[in-house]
Amino acid sequence: MRLPEVPFSEFQDYYLTGSGMNPIVNIKAITMRDDAIFKNVQNGTEVEGCVYHKVPMSAQILRRARNVGGSADVRNVLVMPGIFGVVVQMKPRYYGEAKNVLMSVLSSEYQHPKIAIAVDVDVDIFNYAEVLWSINTRVNPAEDITIISGSKIHAMDPSCPEFGHPGAPGWHRIGGKMIVDATKPPECDAKRRDEFERLRPVGWETVHLEDYLPADAPPLRTKPKIPGS
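Residue numbers are given in this note's numbering: position 39 of the sequence shown equals residue 47, and the series is strictly consecutive.
Because the hints were derived from the structure by calculation, they are not lab data. Quick reminder that beta carbons are idealized off the backbone N, C-alpha and C, glycines included. Each hint should be verified, as a subset may be incorrect.
[As the list claims (entries may be wrong)] Distance ranges between label pairs, derived from CB positions:
| # | residue 1 | residue 2 | range |
| --- | --- | --- | --- |
| 1 | 145 | 12 | 47 to 53 Å |
| 2 | 176 | 145 | 41 to 47 Å |
| 3 | 156 | 208 | 32 to 38 Å |
| 4 | 117 | 56 | 22 to 28 Å |
| 5 | 31 | 170 | 26 to 32 Å |
| 6 | 176 | 45 | 35 to 41 Å |
| 7 | 83 | 117 | 17 to 23 Å |
| 8 | 157 | 44 | 51 to 57 Å |
| 9 | 204 | 89 | 40 to 46 Å |
| 10 | 202 | 45 | 51 to 57 Å |
[To be verified] SDA-like mimics (lysine to any residue), calculated; alpha carbons at most 25 Å apart, straight line:
| # | residue 1 | residue 2 |
| --- | --- | --- |
| 11 | 99 | 183 |
| 12 | 199 | 149 |
| 13 | 99 | 209 |
| 14 | 62 | 182 |
| 15 | 47 | 18 |
| 16 | 199 | 148 |
| 17 | 99 | 84 |
| 18 | 107 | 93 |
| 19 | 99 | 83 |
| 20 | 62 | 181 |
| 21 | 62 | 183 |
From just these sequences and the hints, can you work out the full model?
Below, the structure written as structure tokens:
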């Protein structure tokens, strides 16, 4: 016997899979311990279910990016909400290296990423305001944004045309991918790179909030570490 079941949530924060006719399960008895904990993994953007996507995806993409062009200086990777975008923190050595790294991000084992953004090592990738600041102040749209059209993307990305239907052979979507190079000029152009040194208050690295808290207070992550300090 089957009855319609309500739509399930998905990692994009949508009910994309719709409802379906699913079997009825009749439970006669449940054995459980005292004070049992019911574990529910709810899917959606930035909830627990996404952890099982983002952690292994970040690790694999980071490993892949570091192997580009003879060990690129890639420091960290962040999979953004919705899982279709990735931010890469790196120090480019040469012109064009950031673009090569981002192309590897968009062509990894994972089909999810369609937007890849590279920022420099002075940007905290876990602070979205800093990522947006880097895009606003270091990106020349005519040179630093690349659109790749006609790409096969994740079949559950609702923003692009769908071919076939869920579960059917050949089900896929075709759309575009985007590369955004928001890094500073590379190390090989030291003079130009120095022009993008960030403003910092005098004594920035000498004042620590922890110094004013009780000795037993938990450690704090208050501001990004400045490279070279």
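Given pair status - residue 182, residue 62, alpha carbons within 25 Å: Roughly 23 Å separates the two Cα atoms, so the pair holds.
Return holds or violated for the Cβ distance of residue 176 and residue 45 against the range 35 to 41 Å. holds, 39 Å
If I claimed the Cβ atoms of residue 31 and residue 170 lie 26 to 32 Å apart, would that claim hold in this structure? holds, 27 Å
Take a quick look at whether residue 99 and residue 83 sit within 25 Å of each other, Cα to Cα. Holds - the C-alpha atoms of residue 83 and residue 99 are around 8 Å apart, at most 25 Å.
Regarding residue 204 and residue 89, is the given constraint of 40 to 46 Å on their beta-carbon distance met? Violated - the Cβ-Cβ distance for residue 204 and residue 89, about 27 Å, lies outside 40 to 46 Å.
CB of residue 157 to CB of residue 44, is that within 51 to 57 Å? Taking Cβ atoms as reference, residue 157 and residue 44 lie about 52 Å apart, which means the hint holds.
Does the structure keep residue 99 and residue 183 at a Cα separation of 25 Å or less? violated, 30 Å
Range agreement (Cβ of residue 145 with Cβ of residue 176, hint 41 to 47 Å): holds, 46 Å
Run the distance test for residue 47 versus residue 18: straight-line Cα separation, threshold 25 Å. Distance ~18 Å between residue 47 and residue 18 Cα, so the pair holds.
Restraint status (C-alpha distance of residue 107 to residue 93 at most 25 Å): Between residue 107 and residue 93 the Cα gap is close to 15 Å, so the pair holds against 25 Å.
So the hint says 47 to 53 Å: do the beta-carbon atoms of residue 145 and residue 12 match that? Between residue 145 and residue 12, where Cβ atoms are some 52 Å apart, the hint holds.
Mind checking the alpha carbons of residue 199 and residue 149 for me, to see if they're no more than 25 Å apart? holds, 22 Å
Hints 9 and 11, counting from the list given before, are not met by this structure.
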